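Participant: Please arrange chain B on chain A, whose structure you already have, making use of the hints.
2 protein chains.
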Amino acid sequence: MANPLLNSFLPLFYISWFDDVLTETEMKTMKDAIDSQDWLTKTDKDELFSKIDVENPPSRSQINEWKEIISKGVDDNNDDELLTDVALKLALVENPETDNEELKKLYFFLQELEKSLGIISSEAIFAFKEKHDTITSKYVTEATFEVEKLTEILDGSQAETINKVKKIFTLPAFKYEESTDTEVYREKVLKWCKILAKEGLGATAYPKEHGGEDDVEAYFSIMETLSYHDLSLVIKFGVQFGLWGMSIQSLGTEKHYKKYLKDVGSLKLPGCFAMTETNHGSNVKSLETTATYDHKTKTFTVNTPHKLARKEYIGNAARDGQMATVFAKLIIDGKDHGVNAFIVPIRDSKNTILDGITIEDCGHKMGLNGVDNGIIYFKNVVIPKENMLDRFASVNSKGEFESPISSDNRRFFTMLGTLVGGRIGIPRSALAVAKSALAIAIRYGDQRRQFGPQGGSEVPILNYRMHQRRLMPYLAKSYAIHFALQYVTKRFLHRKEAEMQEIEALAAGMKAYSTWNTRDTVQECREACGGKGYLSENRFGALKNDTEVYTTFEGDNTVLMNLVAKNRLSEFRNQFGEMNAVSLFNYVVDQAKTSITYKNPFATRNTDENHLADPEFHLHAFQFREKEILASAAKRIKKLLDSGLDSFDAFNIAQHHLINVGQAYLERVVLEQFQLQIETTNDKGSQAILGKLFQLYALSTIEKNASWYLEQGYMEGVKTKAIRKAVNQLCWEIRQNAVPLVHAFNIPESCLSAPIVTKKK
Amino acid sequence: MANPLLNSFLPLFYISWFDDVLTETEMKTMKDAIDSQDWLTKTDKDELFSKIDVENPPSRSQINEWKEIISKGVDDNNDDELLTDVALKLALVENPETDNEELKKLYFFLQELEKSLGIISSEAIFAFKEKHDTITSKYVTEATFEVEKLTEILDGSQAETINKVKKIFTLPAFKYEESTDTEVYREKVLKWCKILAKEGLGATAYPKEHGGEDDVEAYFSIMETLSYHDLSLVIKFGVQFGLWGMSIQSLGTEKHYKKYLKDVGSLKLPGCFAMTETNHGSNVKSLETTATYDHKTKTFTVNTPHKLARKEYIGNAARDGQMATVFAKLIIDGKDHGVNAFIVPIRDSKNTILDGITIEDCGHKMGLNGVDNGIIYFKNVVIPKENMLDRFASVNSKGEFESPISSDNRRFFTMLGTLVGGRIGIPRSALAVAKSALAIAIRYGDQRRQFGPQGGSEVPILNYRMHQRRLMPYLAKSYAIHFALQYVTKRFLHRKEAEMQEIEALAAGMKAYSTWNTRDTVQECREACGGKGYLSENRFGALKNDTEVYTTFEGDNTVLMNLVAKNRLSEFRNQFGEMNAVSLFNYVVDQAKTSITYKNPFATRNTDENHLADPEFHLHAFQFREKEILASAAKRIKKLLDSGLDSFDAFNIAQHHLINVGQAYLERVVLEQFQLQIETTNDKGSQAILGKLFQLYALSTIEKNASWYLEQGYMEGVKTKAIRKAVNQLCWEIRQNAVPLVHAFNIPESCLSAPIVTKKK
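Residue numbers (the UniProt record's numbering), protein chains in the order written: chain A, 1 to 761; chain B, 1 to 761.
Bound conformation, chain A alone (with noise of 0.2 Å):
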């Protein structure tokens, strides 16, 4: 510039061309603004409007010499400077007698200018600095504990288990198959069941006379493990050895256990458990297959009565199985004596189907292609009396039906108690798979930087505070649920007769809940990753498509939520008689009396740290709320009955409700086991960070569920938006230790696999 005190405009002008971040009108008025100071002259002014005439642009290499300009009076190494101090230097460089007050005004009308066009100085300043922190970019990853210790608490008892099934994984054998053909995949699933039934493992659950361990949990620990490799794999081992097996030593008898365990536990006899129809896949009571009794040949005739009343989805049917559990009503002479279990052979030894059966492959699915899924028709199949698992119906020598259980519908529900195993298999199975997926999407966010601070480096995307918000709270929740399936496997393995309702809609409950969070968790993970979550090789297609299903099979997530929240209608009944006005209006009386403190407004608003996270204010609400809509459900319902309504509409009409009655019993258990756990971990540093994780589960839950206090006027608005903020501060605090946190799942590499985080660069 001619006048070397108008230099000190550079820096304006300059952003202003380069970034082109102001409009016309805002060149306007800085025109306007520049034209009305009395301190500038004529040939001031007018040079100052050359340089900002939309009309005629500077060129590109003007532009690039005012910044070498502006360079000089920039200070790289602090990080305070304004945008307005480096136009005062510029001024001063080659001006260095300019007056004070000439000075002065300059600086604040150059500041005036920057304010009223929106610039925001500290930021724009960074347009001209080689490097730039911020608190977003300085912050890394940092364990605040000992991963060994918490991988310890996480495998618990099951350690040696665990342990020798990730050993197996180690065998070449394991490499994971990458073809795309079915034959070849399914192939090479059933060779790993044979390596695993070899070492011991299928056995596990059986009884040590049929070749087994006798050990449950061990088999439960085994699927888990077996979750961090292949799901067709833990799907087929779970078929062969947990359905088709445990239905033999569950409703079958001593005589059946000698026959076939030692078989199915070592995989020489392959089977099915067939029990699903195309026409009834939840509604299983109503199943149509028929096993009619004829007292002359003391023999069974299985049949299909009708295509829709085939067999579906069996695993193990359309390729391997030589045998298959199958429901069908039993009928003798004529008379229906509900749904029981019959072996029946469907291939021989040299897998020849036999006569009188139809196998259908049911093709391509989504996911789990490596296993051989089938139909199966029964074309009048005769199999032998004793082929009936008799354990709790059996035809006598008189060719009688007779029971213990004389109920038709109580029997089969017995039956399917014994079954309840495979409703803790599942969520620890798809547990195992979100642990999986927050590995590699955590470990990759650590790692992909994108976008940074103006003129500072790229920043790893989980210092990103909504890339945390997408994170967090599911890595919080992956560490909830595992203890609340801890807890879930003990009350089965320790379970009484009296408790078993009790276990099997906890059971049922928590599979959903589990494999809900599976769903949204890897789908989460898989968007975190980007294109490279979309590549195969990164195992998200295969941990999203594979456990797809888990939330259909082994009963219908929103099925079993039903029979959850009847279930907890039935507790309620127990608890206080028939659900009559009188007991309901006690109840909720007595509800509110125990809330009252809680419902203060000192309560209600109190928004103070401590208080928030408090593990006795997060049980209180979570149970606060568990309790009221258990009861409003109850009410509801009564009043639809009462007004004259059909009970099978009262309760359609409610089902929503009911669907939130299941939903807030099984959070308030995962809660209450994670707190459990904490209170009892003696190690200092995971217990901390476990800590943490129960408050981000905690608030994160009260959060989802916000609009129902505020509803309820259990908290006010300060208060649920005081949870937010306390959510927010906990992802960025748990961000620190999240790469160690999914350390400790303690997953091996070659089962992770995911390129994008285990290989080098």
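Since the hints were made in silico from the structure, they are not lab data. Hints should not be assumed to be uniformly reliable.
No copy is singled out in the list; a pair is fine if it fits within one copy or between any two copies.
[Claimed, not checked] The list that follows gives simulated cross-link-like pairs (lysine-lysine, DSSO-like), each with its CA atoms no further than 27 Å apart:
#, residue 1, residue 2
1, K566, K639
2, K635, K704
3, K335, K72
4, K704, K627
5, K704, K721
6, K759, K167
7, K638, K166
Predicted model only: the values in this text are computed from it and were never measured.
Facilitator: The following block gives chain B in isolation, referenced to the frame of chain A:
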């Protein structure tokens, strides 16, 4: 019974044993109650006790005998009959003269007994009935509008183009590819593209003088309609004719059009759009590939400086592409002139990869395996000067850089702006997929029956309230998004320079909104179809996996939502000058004034049906949220900046809030456009059902945001609860029209394909 009067107890005993609804304690209760009745003799009591002795349960044949006796008292045609009515009839059958007093006692005793045992008399009766109808059972599909008329409204002016594409689908060549072999699939997709090109569809958007139709609107309709068929086809088609062709048309000049467009449109010249690099996917401004100009030879040398700067995920690259539009930093005399676009040959016409080019296959992906995505490395590849796409920047005859846009940033974003069409094609393609998923799931839900009232036949699962809740809001949302995308398309087609930033933000936002909606819709629809939904033949696998990357490509959704939010903030600034305390305060006061009528107790508690159904209420609620969230985000960021935080940190802290700014803006736009559509719909039947869908979209969106409205005091709990009920009711009402509503999408059956709905059983 010895005393025939006692037969009246049989119904109660029967259901106690048959369904095992009573616990042992309750059996004891029953025994005690009987014991306390002085009008029963000792012999009577003993006989009754013998029937409810838990130590000696009745035999099965005995229970069946009871049922036969009971059936005589049941009137199959009287739905109002209670268990006690039947009991009384049984007492009378063999005992017509029993004196009234005794009968009365008996009647009241049985009533009391049932109540104290928690038996719902009107439900239990159905154990003895042959048939049983309920409201839930009777509800069926019944169209209240003409399907063809609604289709006309949806297709609008594009009906001809849409029908032309649908006709092509009927060619035998368009049968779906079932092979899991990637090579076979890619070959098929290329063949399909060639057929479409031959039919003239590829060049639709290009100028007439270069073989096209100059019809961009038709191009979008083609993309959308193709999405009913195969998604790999859509993307391959989009890469070739959209990304590759349109990059030439948008970034090049006449000489390029002449040289390339005809061959691109006929697919003689397959090409790629090579922007994304491994290290830069979202932050494309920082791409690292270089194009260095040499004035002596008048050439550019294109180079990949290091491995992670390779071009990745490039469609058409792995197999078919012969040229690519490559985005690279232009370097002249050592100076960086920002990212520009260049045409670089990568294969010759015989498909041999050229010198200096290395291509790798991206390998198997979650979906879209019919598209040959590849990785490209350039090793000093020399191209002639005319290969620079020089609409926005060029090298002049002196070898100097020239551009009408002086800022590198601005120029790059102007270039990207011309490519915004991709962000319209993708959400429209996504919506077509959501429609397909809904068509399958809703038609299946209408046919599939499972469970039912006791003694009644099974019920279509779409009659279950929860099933409606899962699907109806997505049906409403797909209609809402349809009209919003029509609006975005029109805005784009008639764009003016000054609106470009707004249109870009709108397109970016709707891309995110629509693709996330498709992700969720397809997921819910898959689950709603249970095991059948998991079979590939029913297409959810393809619909889900092919669109999985839609939330990532053409801009990661989360990044796009940030962009939308920043655009909204700058609109805010434009409207109110700088973001200072005074203008913010004024804005908020202004807001408060306009909403004063809505924040009085009457309005916040108004649960009147007409009010909840009023589009004015909906629009105000959406607008209030949009403005309030924007203002609070602006205030928050200002506060953070004022506290001395770096703007990068400040925006990071508010990131979660900013996503909501974008969300609220999009929801308002969608609502507004839906409402405009309804106002201009002449056909009364269509208008009425669209009105219902509009209400459901409006109220279910408010329900989703309920906690926010409650926090703001804009609504009270009574109102949000009433809205929840209104949503349930709307789901129930719309279910009747649900099947006709998906028929109105008019998706060809051959495309829908799913045997669960298209095949006769």
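Participant: For every hint, state whether the structure bears it out.
Facilitator: Verification of the hints:
no.	hint	in the structure
1	K566 with K639	within (17 Å within a copy, 50 Å between copies)
2	K635 with K704	both (24 Å within a copy, 25 Å between copies)
3	K335 with K72	between (100 Å within a copy, 20 Å between copies)
4	K704 with K627	both (18 Å within a copy, 23 Å between copies)
5	K704 with K721	both (12 Å within a copy, 16 Å between copies)
6	K759 with K167	within (21 Å within a copy, 48 Å between copies)
7	K638 with K166	neither (53 Å within a copy, 53 Å between copies)
The structure fails to meet hint 7 from the earlier list, while all remaining hints are met.
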